[in-house]
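Chain by chain, the residues:
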Amino acid sequence: MKGFNKKCLLFVVLIATLLTTIACNQKENTSVNLIDNDENNKRVVNFFGPMEKSDPNADNTARTAHELTVIMAEEKLGISVEYRTYTAEDYQEKTYDDVILDRARNNMDDIYLLNPDGIQALGTEGKLADLSGLACVQNLREVVKTANTVDGKLVAIPQEIVVYGLFLNKEMFDQYDLAIPNTPEEFLECCRVFKENGIETPVGANRWWLECFVIAQAYADLYNGDNTKAEIAALNAGEAKLSDYMRPGFEFLKQMIDLDYIDAERAYIYEAIEGERPDFLAQKTPIVMAYWGAANTDTAYGNPDFDLQVVGFPSHRGQMPVVSLSGYGVGINAEHLDDTLAIMDVILSDEALKIYTEHNKVISPSKNVEVACIDALKPLNDRINEGVYVLGSDANMSVEQWGNICLIVRDLLSGASVDECMAKFDQLQEETLK
Amino acid sequence: METKKNNNKKVLIIFVLLAFLLLGSFVFFIATKISSEMSQSAISNLSESLDLIRGTIEILFQRDAEYQKLLAEELVVVDNLENYILSYDRNSTIVKMSLVLSGKTEGISNNGRLFSTDTLDFSDNNMIDGLLVSTSYLNEMGTWAYTMACPVRENGEEIATLYVEYIYDSLDDVFPDKLYNSNASLYIMDAKTERFLLKPKGIGERVAGHLNLADFYRANKILEENIQSEIAKSIKNGKNIMFYHDINEKESLIYMWAVNNGSLYLIGYVPVEAIQREGKAVKQNILNVVIVMLAAFFICCAVYFVYEKQQANLRKEREIERELYNKQLAEALQVAQIANTSKTMFLSNMSHDIRTPMNAILGFTTLLAKDADNPVKVREYTKKITSSGQHLLSLINDILDVSKIESGKAVLTLEEFMLNNTIASVDAIIRPAAKEKGQIFDVAVTGIKHEYLIGDETRLNQILLNLLSNAVKYTPQGGHIWLRIIGLEQRSSQYESIRIEVEDTGFGMTSEYLEIIFDAFTRAENSTTNKVQGTGLGMAITKNIVELMGGTIDVTSEVGKGSLFTVELELRIAHQKADKQFWKKYGISRILVVDSDRKACQDIQTLMEETNLIVEVLFNGEEAVRAICETSVTNDNDYHLLLLAWQMAGIDGIETAKRIRKCCSKPIPIFLLTAYEWDGIEEQALQAGIDDFLLKPFFVSALKEKVSAFYAEEKATDDERHEELALEGYHFLVAEDNEINAEILQELLEIEGATCEIVENGQIALERFEHTAADEFDAILMDVQMPVMNGYEATKRIRALERLDAKNIPIIAMTANAFAEDVKDALNVGMDAHVSKPVDMIVLTQTLHQYIKQKEGGQ
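Line by line, the protein sequences give chains A and B.
Letter 74 of the first sequence, counting from 1, is numbered 74 in this note's numbering, and no numbers are missing.
To get this note's numbering, take the position in the second sequence, counting from 1, and add 1000.
Derived from the structure by calculation, the hints contain no laboratory data.
One thing to keep in mind: the hints can contain errors.
[Stated by the list, open to error] Okay, derived cross-link-like pairs now, BS3-like style, lysine-lysine, Cα gap no bigger than 25 Å in a straight line:
1) A/Lys76 to B/Lys1178
2) B/Lys1599 to B/Lys1706
3) B/Lys1383 to B/Lys1370
4) B/Lys1473 to B/Lys1010
5) B/Lys1343 to B/Lys1473
6) B/Lys1316 to A/Lys94
7) B/Lys1233 to B/Lys1192
8) A/Lys7 to A/Lys170
9) A/Lys7 to B/Lys1309
10) B/Lys1178 to A/Lys42
11) B/Lys1585 to B/Lys1706
12) B/Lys1236 to B/Lys1221
[To be verified] Ranges of calculated distance between the beta carbons of each label pair, as one might list FRET restraints:
13) A/Leu407 to B/Asn1261: 38 to 46 Å
14) B/Ile1291 to A/Arg43: 41 to 49 Å
15) B/Gln1334 to A/Ile15: 57 to 65 Å
Since the model is a prediction, treat every value here as computed from it, not as a measurement.
Just so it is clear, CB atoms sit at the ideal spot from N, CA and C, and this is done for glycine as well.
I would like the entire structure built from these sequences, with the hints used as guidance.
Dropping the structure here:
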């Protein structure tokens, strides 16, 4: 037994010595170039988008969903997508929409994430490439193609159909026995009750999305009636005045401002979500407006401490969702045009959109991809499914809507009268139709 | 001793703990030192990297400024300044070139648009290589830019100012692609506006970023006023800043590196773990080594403690073993002492026991010589000498038995025997002895299914005699002795299981004596002071024989009440001889048994089962009389044999026989079953018409003998047999070296009518036989142990002789070597039979007759 133990000990010592010797004698392979020169030849596509000012450690579902599709494209194509970003520091700085126009006009980047006004502007200027040849286009819903086709060219394609709605604190409505408003009058009545009960500002607003109230009231009949094409044709021909459509909404907003249901000063400088979000989450404000996906993300209004409900904007046709199609456009003179189009084809494919849609729980632009929405979004979703909505931007209209209405609403916020605002619409329509 | 051991252990543990404490402290010190050095090294590396980036940016700025100066110099010689400006195409660095003539606020840009100095802010007086630099702004391309203003001088007079716009995007390539494996973030910040101008692609988070310093503070939770104040102070003075702060719950290093005298800052952060990967790896390795060392230490400790525990257990076991050995040694010593004492006592007893009969023999021999003329006294003395001699012989036999059994030489001689013969022979010996002492001796056999068995009958006899003779010996007058032979349930169809019980109402034994009763050389009482005589070997011999036969023996006893010995044996069942012919031969097919003892009736029926006879039982005499007389009248189903118990409830067996004889004229044999001697009632029984008696317990073989006797088939008388056995006219050659023995033998043979020639050893016997005429001797009686040539050798040589009669002359071994092996040896060398000394003339005569007849028959 003793002899066996000694042999075992000797064996262990020998193994340990051997391993130590091998470990100490290991040398780097000197015959190999340690530098990977291929990295310098990598294929790159530049992507320009807004920079998010949220906390870096916050979980942004929307960003994650988008990045998942980009990573898929990078892996499939061996192309790196590099981000360039901009967000205005404050209302005095150039807006993202301004900057993106500058950049696109100067061919600074390959892909741009464009708002509807940017799509229409750059499309009209011929700064965006025609995407209708991409394989993914055949899967798109008609509404997407229609809204983003400028001069016969499909100039942008979104990863989600953005639907704007009113985000309501249902518990506060219940607290004051208020029904969800359908019409502008009902909405004003709700605001009155809130105001009387000490809610200083019943509607939390920012300088971007107040226009949805106007659009909902302006185009409720146009898009949900039987004469859409003719009415648009009349507007494009100057036979119908744009201001006539806009007036009810502006008067409605004016009344809201005058009654202090909206804090105009704040709204004028508030960035989207960033400004009004704290009060809404703190249940100081029962109503804000935002896009569909904001209900799903922790960085916006996901998982609030109260019963959230998202409904359409008030109109005399009832709750009216506002559909605004942002999208990805490709510079016509993009430095890496071929690679960029290849990337677009992947991130807008059904496979990628399925990942995006499931992750972000939004409405997909592809007719082949559908997912269930969260409970809070069901009222809005029901209206969409009924086919009841208005478009916030429409390439068939000669006058760009989304950007211009936004700017004129800002005039209202800064003290302009409704008539002054209507005069601006008239001027805009006149200049556009020259 | 134990306390000292514990103290040593404590000292050892303290020493080991101290050693580990020292080692731990050393490792901790080394790890801390390495970590600190690595940290310093990492910070130094980071600083160098930032210095390098800053240096590169400043060089680029310098280069741009120098280039702009060259352009300004070139403009002096250009004829058409406007055309020159318009002809300039933007590139990746210079995106706009404008010229404003002195004294004017507006000029022209290379893009053809008007250029106004109002859009630029040079109020900070930041300079690069002597050129004024504007604050950063978002240019028409939607990217952050700055403009440098360079005066255009002709002959020392400033004729215009050349404004060139540069974009920060051009610095993109200066930034490393993956700073600290993309874990570090790096921005360019305008010091005045604290606006972040450039987030180089490929660095840090892909989308999320920071707009300005305030946003950087907010997003990264750098909210401490003192830190922000210190940073503000440093930025104001154009100093570099680096400090630790947690970002995203990770300890990070935050850096702000002044570029171009602090007009710009490189700003960002990197998790400490990202820059101290090597340090972390070293610490991890040190930790691994420590863990391995600790594990090895604890394994060693565990092995040591297990070893110690095993040793302790081993010591304990050895201690226990030693104690056991000591105890066993003490017991062995005690046993040896007892044995020694026993043997001493035995020798003393033997001395007494041998001397006593020897004394009698010698004394009576003296008296015999004196009274040789008085035949009456001579007979009396010789009788007593014989008795003493027999006692002496039994004493010697016992001693030899013990010696033989203990030396393992005892061998069983297995033969077929009948149990009833064994019991009868034992009964024949014990019953008179018991009767002599006025004791009642009862024999009962129950449950025995087979009485033809295979075994060593002699040894079985010995067992029974030893137990029963002891019972007789140790039971006072008038006591009761039982011998019960009980058939047990058979474990195998080949074997009969038998329990033998010998019970008495004797003196009994103490529990102490019961423990040593089966040891040799022990007796209940010292025979020198006790009337009871014995060798003290009987029980030892009995136990050894029982065990030799594969059985068990047990004893229970109580002083003053008696003892019970129980022997259990298994004996092989012998193939029974053809039985039906026997009964058929005598015309017996139906038997009536009459006994009020129902158990006895049942036993008889059980034993008779194999005979296929009809055995009917009745339990009193009246019923028997009635049954016999009625069948006698009807002549149906006659009984061919009646067995009547002597003592029964109601009329006894004799009276029953009398009445049967009276009413029945048929000569049916009637046997009386009795447990007692026939002598006292023989006459009365014969008169009553009983033909013979059958001793209880009942055995089929005994019945058959009685039946045979009754029908007088074998009526050879003892006289006739004796006549057959007489050696009249025979002449023998006797080889015997002992003169006395030779003389005695010669005398005894002469008494039997034979003559003999005595020779002194085997050699002479061989020579004598060789030279004698054929058939001169009828047989040779050969002693074994003789000088010159022993009996075995002599026999072999005789058998080897060429003579015809050498092969068939009976050679009988006549020797004191009386063991079975001796018999076997004798037969193996060619002898015909073995007769042990002292010579029993009857046995010798029978043996000689048998072999002489065989020889004659062979011839």
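**Q.** Violated hints, by number in ascending order, as checked against the structure
**A.** Going through the list in order, the structure violates hints 4, 6, 8 and respects the others.
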